[in-house]
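**Student:** All residue numbers for the sequence shown refer to UniProt numbering, where the first residue is 1 and numbers rise by one.
In short, the hints are calculated from the structure, not lab data. Backbone N, C-alpha and C define an ideal beta-carbon position, used for all residues, glycine too. All clues stand as given, with none of them false.
Pairs of lysine-lysine, DSBU-like flavour, derived with a Cα cap of 30 Å:
#  : residue 1 : residue 2
1  : 152       : 38
2  : 124       : 57
3  : 155       : 97
4  : 97        : 115
5  : 38        : 155
6  : 152       : 97
7  : 124       : 38
8  : 155       : 124
9  : 343       : 366
10 : 366       : 284
11 : 124       : 97
So the derived label-pair ranges between C-beta atoms look like this:
#  : residue 1 : residue 2 : range
12 : 204       : 267       : 54 to 64 Å
13 : 221       : 322       : 39 to 49 Å
14 : 340       : 275       : 45 to 55 Å
15 : 228       : 397       : 21 to 31 Å
16 : 313       : 433       : 15 to 25 Å
17 : 221       : 435       : 31 to 41 Å
18 : 319       : 253       : 30 to 40 Å
19 : 115       : 154       : 29 to 39 Å
20 : 312       : 237       : 25 to 35 Å
21 : 433       : 373       : 19 to 29 Å
22 : 334       : 272       : 23 to 33 Å
23 : 330       : 206       : 47 to 57 Å
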Amino acid sequence: MIRRFRALPLRSRLALLTACAVAVAVAVAAGACWLVTKQQLEDQRDSTLLSQHVDDKYARTLLDSCGTGVPVQLTAPNSYTIQLITADGVVCTAPGKSPVDVNDDDLAVARGELKSTLHNARAKDGTEMRVVTSQTRGIAASIAQPVSGVEKPLKALALVLVLTAGVGVLGAAAAGLWVARAALRPVDRLTGAVEHIARTEDLAVRIPVEGEDEIARLSASFNAMTAALASSRDRQQQLIADAGHELRTPLTSLRTNIDLLARSEETGRAIPPEDRRELLASVKAQMAELAGLIGDLQELSRPDSAPGSGPVQVIGLHETAERALARARLRATGRTITADLDKWYVRAEPAALERALVNLLDNAVKFSPPGGEVEVRLAGGELTVRDHGPGIPDDELPHVFDRFWRSPSARSLPGSGLGLSIVARTVHRAGGEVTLRPAEGGGTVASVRLPGAAVEPPPL
Numbered sequence: 001m002i003r004r005f006r007a008l009p010l011r012s013r014l015a016l017l018t019a020c021a022v023a024v025a026v027a028v029a030a031g032a033c034w035l036v037t038k039q040q041l042e043d044q045r046d047s048t049l050l051s052q053h054v055d056d057k058y059a060r061t062l063l064d065s066c067g068t069g070v071p072v073q074l075t076a077p078n079s080y081t082i083q084l085i086t087a088d089g090v091v092c093t094a095p096g097k098s099p100v101d102v103n104d105d106d107l108a109v110a111r112g113e114l115k116s117t118l119h120n121a122r123a124k125d126g127t128e129m130r131v132v133t134s135q136t137r138g139i140a141a142s143i144a145q146p147v148s149g150v151e152k153p154l155k156a157l158a159l160v161l162v163l164t165a166g167v168g169v170l171g172a173a174a175a176g177l178w179v180a181r182a183a184l185r186p187v188d189r190l191t192g193a194v195e196h197i198a199r200t201e202d203l204a205v206r207i208p209v210e211g212e213d214e215i216a217r218l219s220a221s222f223n224a225m226t227a228a229l230a231s232s233r234d235r236q237q238q239l240i241a242d243a244g245h246e247l248r249t250p251l252t253s254l255r256t257n258i259d260l261l262a263r264s265e266e267t268g269r270a271i272p273p274e275d276r277r278e279l280l281a282s283v284k285a286q287m288a289e290l291a292g293l294i295g296d297l298q299e300l301s302r303p304d305s306a307p308g309s310g311p312v313q314v315i316g317l318h319e320t321a322e323r324a325l326a327r328a329r330l331r332a333t334g335r336t337i338t339a340d341l342d343k344w345y346v347r348a349e350p351a352a353l354e355r356a357l358v359n360l361l362d363n364a365v366k367f368s369p370p371g372g373e374v375e376v377r378l379a380g381g382e383l384t385v386r387d388h389g390p391g392i393p394d395d396e397l398p399h400v401f402d403r404f405w406r407s408p409s410a411r412s413l414p415g416s417g418l419g420l421s422i423v424a425r426t427v428h429r430a431g432g433e434v435t436l437r438p439a440e441g442g443g444t445v446a447s448v449r450l451p452g453a454a455v456e457p458p459p460l
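Starting from the given sequences, assemble the full structure and let the hints guide the process.
**Tutor:** Right, here's the structure in full:
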């Protein structure tokens, strides 16, 4: 049963649940109404019975009619059945009425043991009666009335309540279906949009947001999700296009050099030793450039929320900078790198942060003139790297952290245009910020700020 219910459409389930809830509410209300009415009618009937009495003269005459008297006129309405009960158990019923069964309580009233009694009894003709018996001048007088006087209106009331409840439940089901359709119309639009996107991969679809309810919030969240997916897809396509463009140059050069070497072997025409050495050095350099570019692409392909090279932990920025300086000095041929590092502890991924600092230092070395100096300083949580190169024009500064962006003046220099993008990504992930600005006297200053402390925090 539950499985069949869950298989129904959502609007059908809402309409069915609404109808069931209304049915339960109507049933409870109708049942309470019927019980209250029944109780009131019965109380009113009993009160009327208790207010009735048998005239003494009539009682004596009724007894005479049973062998001791002559009948007289009743004081009670003809709808009542009156019978007298003596202490020795003799019962005398009014003429034209069916005798009512006498129980022990009636006899106890006749003997003077009880003052009165109220109960149900059955007449000889099978009619269910409501009987009140009270004592009058040494005998018991019973006044009885058919209980059908109450049961008939109760049955009629029950029929009316059942019909009313049925109409109410059907109306509630129809109203519930209408409300479900109206309420789920935005969900239908959302479902249609999702199906359209799944069918066409069109992420430009947007759902109108109406109001501020849950459906509106769901629509707004869906629009934000599709916008994020569209942006992610655009960035991915741009990354692929840029990567293909950047890979084309070293691959073309590498293929040309290898073709020259292969043609020399095939034709038997030896390449001069000096030219051969230059070709092999070029092949090696192009392979190194390809390896670095692929590594940079792998780093940038990781989502921002994914784990990096290692777990985030408390590390000394000054220690990481020293390791990056040692690596950068190996490649800083003809340049000098000086450093003044104060202690500063941050939370970051050690390997990723070291790679970012190496990229920053390599960028400064690359743009420094032969014999130039690169100055590195860490103070107050700010790491600055200053070179004495040609500097960066103001109109190019907003683009220096874009992927694959390279200054027109640096197109002839080695590199993929991804180094500073990796620096910015790593620093932002660690909660910091990185900027580039012109330096006084020429050159460029790269500044990295990371939240932390000058004293190493105790281990957790």
